[in-house]
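Chains A and B supply the protein sequences, listed in that same order. Those letters in the first sequence? Residues 35 to 249, by the working numbering. Those letters in the second sequence? Residues 161 to 379, by the working numbering.
Some clues are possibly wrong.
Keeping only pairs whose Cα atoms sit at most 20 Å apart, straight-line, the calculated EDC-like set for lysine to aspartate or glutamate is [to be verified]:
# : chain 1 : residue 1 : chain 2 : residue 2
1 : A       : Lys234    : A       : Glu193
2 : B       : Lys170    : A       : Glu208
3 : A       : Lys234    : A       : Asp212
4 : A       : Lys234    : A       : Asp200
5 : B       : Lys170    : B       : Glu236
6 : B       : Lys170    : A       : Asp142
Coverage of chain A stretches by chain B, computed from C-beta distances (three or more under 8 Å per stretch; other residues unrestricted) [to be verified]:
# : region
7 : 85-92
8 : 133-143
Simulated from the structure, these hints should not be mistaken for lab results. We treat Cβ as the ideally placed atom computed from N, Cα and C, and that holds for glycine.
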Amino acid sequence: MSEPVVRLRNAVVVTNGFPLLSGVDLEIPSQSLTVLTGANGAGKTSLLRLLGGLLALTSGEGQVAGVTLGTESRRALRRSVGWLGHEGSFYGELTVRENLVFAARALDRPLTLLPDALERVGLSGRADTVTRMLSAGQRRRLGLAWLLVRRPALWLLDEPYASLDDSGRTFLDELLADVQAAGASVVMSAHDELRSATLKPTIVRLAGGRIVSPS
Amino acid sequence: MIRVAWLVAKKDLRIELRSRILLWQVLPFGVLALVLAGLALGPVQAGHSSAAPGLFYLVTLFVTLLVIARSQAVEETPGTRESIATLGLDPAGVFLGKALALMVELWVVGLVLLSGAVLLLHTALAGTVSALPSVLVTLGAMAAAGTLYGALTAGLDGPATLLPVLALPAFAPLLVAGERSFSAALHGGALWEWWVIVVVALVSYLAVGVLLYGVLEEA
């Protein structure tokens, strides 16, 4: 059996004296789809941010995508995972293509991946559109194109279904299934449980910065 | 590091070219401020006044603060800073890139304001041209320091008001040295000691930025 892509033991994250995560134990196998659910402030985004190297571990231990938290550089972790926040996340004055070229060059990814990524997310016709002119749903698709160019082993998606219409939700379901089939793992947050007919995710429920289910 | 610096600088300059905020907002503000300075001195006296280099640098300071704030603002679209953080870019390269872009923008501002100084403050053309190298190096040092202080204030409450308070002490020796070397170019006098101050400041701020920018960004 392959190594889990995420392994956390009693992970605690405290920021400005406020505990965001208070003792999280979590193991996520590779090539899996995990959905983090819970009320506002339950710790879903904080857990994703910890896995993405955007928050530091205060205590406990963990490994994410082969990087040991707390001892190895968070920069190394950030380069190993793909993050899509629930906000725009791009330079509004750059075009769709320019944003993708910037990300690809930053990560030493070949630019030949761009046309396929744009085609896959349905933004080929918008490649030269300035990003601030895109709708919220199109910006989300751009974020997914960014991840397709990055091809990370672990996809971290914060509320990815937000701003997507029905066709967008179906598209995302198909994309996530393909990502999983290609060997990557996906961890995402959602307010409610996934309303997908095709995906079979593991549901992890959080409350008060802890995992309450499965306990 | 150099590759990342080049990537970031190109990105920042492209954003600035497309938004045209430097062209339509920042530069007109600088020119207007220079016009007011010229009016305050009076048309005949201005060119002969030792105040002209000081007024030039005072206006340049105001404009520099605007350009620094603008340089940080492009990263402040919700979610952008953390998305870019997940690219895992070398912070030293990011600092150098942002400083380089800011430097180019300040050089454009400096050239326009120097032309304005000749037209509005009636500084001697030959003296102004000979002051150009020292102005460019001074603005380069201000760009390096400004990139550091911009990162320091980004994400804090009230960055627009905090930036001048924190950056002015760092800019003060640069402004004094820049003003003295501009005066020396216009009215004669020793130049080299002011050059030394500006060049040492430029190298120091670049070194500090390369070493500390990552820490500031994480903070």
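These are the hints, each one checked on the structure:
1. A/Lys234 with A/Glu193: OK: A/Lys234 and A/Glu193 at ~17 Å, within 20 Å.
2. B/Lys170 with A/Glu208: Violated - the C-alpha atoms of A/Glu208 and B/Lys170 are around 36 Å apart, more than 20 Å.
3. A/Lys234 with A/Asp212: holds, 13 Å
4. A/Lys234 with A/Asp200: holds, 19 Å
5. B/Lys170 with B/Glu236: holds, 18 Å
6. B/Lys170 with A/Asp142: Since the Cα atoms of B/Lys170 and A/Asp142 sit roughly 16 Å apart, the hinted pair holds (cutoff 20 Å).
7. 85-92: holds (count 3)
8. 133-143: holds (count 5)
Of the numbered hints stated above, the single one contradicted by the structure is hint 2.
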